[in-house]
Amino acid sequence: MAEPDLVEARAAYRLDHWRECPDCGLVSALPDMEPGLVAECPRCRKTLWRMLRAPFSFPIACGMAATLFYAFALVAPFLEISAYGRFQLARLETGPDNLMSQGYLALGMLVLAVTAVFPGVKLGIMLTTLIGLETGFVPPRVSIALFRLYHRITPWSMIDVYLLGFLVAYTRLIAIAHVHLDTSLYALIGLMVSMAAADGALDREAVWRALERNDLAADARYIRRHPTAKVGPTPGEQELAEPQVIGCHTCHLVNHAAPGDHCRRCDGLLHPRKHDSTARTWAFLLAALCLYIPANIYPVMIITQIGQTQSFTIMGGIKELIDYGLLPLAALVFVASITIPLAKLITLAFLLIQTQRGRTTQLNGRTRAFRIIDFIGRWSMIDIFMISILVALVRFDQFAQITAQVGAPCFAGVVVLTMFAVMTFDPRTMWDATRGQAAAYPTAGMPAAGPPTPASPTPASPLSADDRGMGAKDATA
Numbered sequence: 000m001a002e003p004d005l006v007e008a009r010a011a012y013r014l015d016h017w018r019e020c021p022d023c024g025l026v027s028a029l030p031d032m033e034p035g036l037v038a039e040c041p042r043c044r045k046t047l048w049r050m051l052r053a054p055f056s057f058p059i060a061c062g063m064a065a066t067l068f069y070a071f072a073l074v075a076p077f078l079e080i081s082a083y084g085r086f087q088l089a090r091l092e093t094g095p096d097n098l099m100s101q102g103y104l105a106l107g108m109l110v111l112a113v114t115a116v117f118p119g120v121k122l123g124i125m126l127t128t129l130i131g132l133e134t135g136f137v138p139p140r141v142s143i144a145l146f147r148l149y150h151r152i153t154p155w156s157m158i159d160v161y162l163l164g165f166l167v168a169y170t171r172l173i174a175i176a177h178v179h180l181d182t183s184l185y186a187l188i189g190l191m192v193s194m195a196a197a198d199g200a201l202d203r204e205a206v207w208r209a210l211e212r213n214d215l216a217a218d219a220r221y222i223r224r225h226p227t228a229k230v231g232p233t234p235g236e237q238e239l240a241e242p243q244v245i246g247c248h249t250c251h252l253v254n255h256a257a258p259g260d261h262c263r264r265c266d267g268l269l270h271p272r273k274h275d276s277t278a279r280t281w282a283f284l285l286a287a288l289c290l291y292i293p294a295n296i297y298p299v300m301i302i303t304q305i306g307q308t309q310s311f312t313i314m315g316g317i318k319e320l321i322d323y324g325l326l327p328l329a330a331l332v333f334v335a336s337i338t339i340p341l342a343k344l345i346t347l348a349f350l351l352i353q354t355q356r357g358r359t360t361q362l363n364g365r366t367r368a369f370r371i372i373d374f375i376g377r378w379s380m381i382d383i384f385m386i387s388i389l390v391a392l393v394r395f396d397q398f399a400q401i402t403a404q405v406g407a408p409c410f411a412g413v414v415v416l417t418m419f420a421v422m423t424f425d426p427r428t429m430w431d432a433t434r435g436q437a438a439a440y441p442t443a444g445m446p447a448a449g450p451p452t453p454a455s456p457t458p459a460s461p462l463s464a465d466d467r468g469m470g471a472k473d474a475t476a
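For the sequence shown, position 297 matches number 296 in numbering that gives the first Met the number 0, and the numbering has no gaps at all.
No lab work stands behind these hints, which were simulated from the structure alone. In this text, a Cβ means the ideal position worked out from N, Cα and C, and glycines have one as well. Fair warning: there could be bad hints in the mix.
As the list claims (entries may be wrong) - Label-pair restraints from in silico Cβ distances:
(1) Gln-400 to Gly-35: 36 to 42 Å
(2) Gly-35 to Arg-85: 53 to 59 Å
(3) Asp-396 to Glu-92: 21 to 27 Å
(4) Thr-338 to Ala-282: 22 to 28 Å
(5) Ala-257 to Ala-278: 20 to 26 Å
(6) Glu-33 to Ile-352: 31 to 37 Å
(7) Arg-52 to Arg-367: 44 to 50 Å
(8) Glu-33 to Ser-310: 38 to 44 Å
(9) Thr-308 to Ala-348: 22 to 28 Å
Just need the whole structure built from these sequences, with the hints factored in.
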C-alpha cells in the first residue's frame, strides 16, 4: 500500500476505535476484530482487547453457578474439628467475628470484606450488568456506574487466596484435633473455579461497546450534571491541538477533552495521568515499609495447648512447617509472606526512582516488572487467612487456644498498603520520558499530532498486516 493510501486508511478510523494503553500511554487504533484474536499494544505488548466468542452468555452462566456456590458457602460450615470432647464449626464469617472479639476490629473487617462481601458484590455487579444488557431492564446510568465499580472491586475479591490460606491452616489443625471437611468447602472450591471462569470469559471491551452501542451512556433520561467529553475531530485532521487527547483510565476510550471532564462512554473522570501518582505511591510505600519491620519481628499468633504457650512469628511458622516435613507448603508461605512483600517494596522503589530520574532504558522490562507485582500482591494474604481460620476453630478454653497477635494486623497493613501503592503508581509516567525522543510514540496526555499507531491487527482490519508490520495473534494460543 502506498504511503498516502496508508495515511488515508488510518485517518478513516473513528475516534471510537482509539485506545490508550494503560501501561505505556501509547494511543493506538484497534483493528476490526474477529472472535478468538487478540489486539496488543505495539509498544509494550499489553493486551488491549481479547475478543471472545461468547462474551455475554458464558460469563452469565458461570456467574449464576458462582452465585449458587456463594450462597451455600455463606450459610453452611466448611470445616469442623473435634478435640477434648468438644466441637467447633467454621463458616466464612466465623474467623472475622473472632478476630473482632479479640480486639482486632480492622483486621476482622478486612478479612470479612475480601472473603465474604466483595466476592458477592463482584458477582452481583457482573450479573446485573450483563443481564441488563441482554434484557434492557437495568437503567442505563446504573449499568455504567456498576461496571465502573467492577473494575475497582475485582482485586479485592480473594476467595482463591483464602483457599490457599485454608490449606496452610489445615496442616496445623490436624496436629491439634480431628478435622472433618464439610460440604461448604466444596462450594468454596466451586465458587473459586466458577468465578475464575467468569473472569476469564468476560470481554470487558465488548461490554463497554455494548453499553455504548445501546446508547446507554447518552440516554436522555439520565442527563449528567458535569461536563462530558465530546466527540472531537477524526484522526488525521489538522486541528487536533485543542482539546487534549485523554484516555479514560477505566474503559481506555480516547476522548477529546480537558482534564476534569468525564468520559463520554463510561462517565469516569478524565485525567492525563493519575493525580500525584509519584507522591502518593511513595507515601503508601513508606507506610508499608514502616509496618513491614514489626510484622516480621512481633508474633502473629499464640498457640496455647494444655498449659503450654508458644508464640509464632511469620518465620517461626515457616520453620514449623519445615519441621513437619511440609516443604512445599513452607515454600508457599515463604514466597507469599516474605518474598512477595519484600519484592514489591524493592521493585516499586526502583520504579519510582527510575521514573523520577527520567530514565528511558529498559522501559519494557520495567513495565513487565510492574505487571508482575500488580498480579502477585494479593497472594500475600495467605497468612492472614490462615490465622483467621485457626482463631475461629481452636477455641477449647484451657485445653487449646489460638489467638491473634499484633504482628497479624501489621502484616495485613503491609499487604493492603502495597496494593494501594501499586494501584496509585502510573506506569505511563515511566514512558513519559520518551516524549520528544520518539515521534511515533504519542501519549494520551499530549495533543494528538497525527493518526494513532494501529494495534495488532486481525485479518479483517482495514489496514493490512504488511502495513503494520505485525501479525494476528490467536487468543487461544
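The hints, checked one at a time:
no.: 1; hint: Gln-400 to Gly-35: 36 to 42 Å; result: violated (56 Å)
no.: 2; hint: Gly-35 to Arg-85: 53 to 59 Å; result: holds (56 Å)
no.: 3; hint: Asp-396 to Glu-92: 21 to 27 Å; result: holds (22 Å)
no.: 4; hint: Thr-338 to Ala-282: 22 to 28 Å; result: holds (24 Å)
no.: 5; hint: Ala-257 to Ala-278: 20 to 26 Å; result: holds (23 Å)
no.: 6; hint: Glu-33 to Ile-352: 31 to 37 Å; result: violated (43 Å)
no.: 7; hint: Arg-52 to Arg-367: 44 to 50 Å; result: violated (28 Å)
no.: 8; hint: Glu-33 to Ser-310: 38 to 44 Å; result: violated (60 Å)
no.: 9; hint: Thr-308 to Ala-348: 22 to 28 Å; result: violated (38 Å)
Violated hints for the displayed structure, listed by number in ascending order: 1, 6, 7, 8 and 9.
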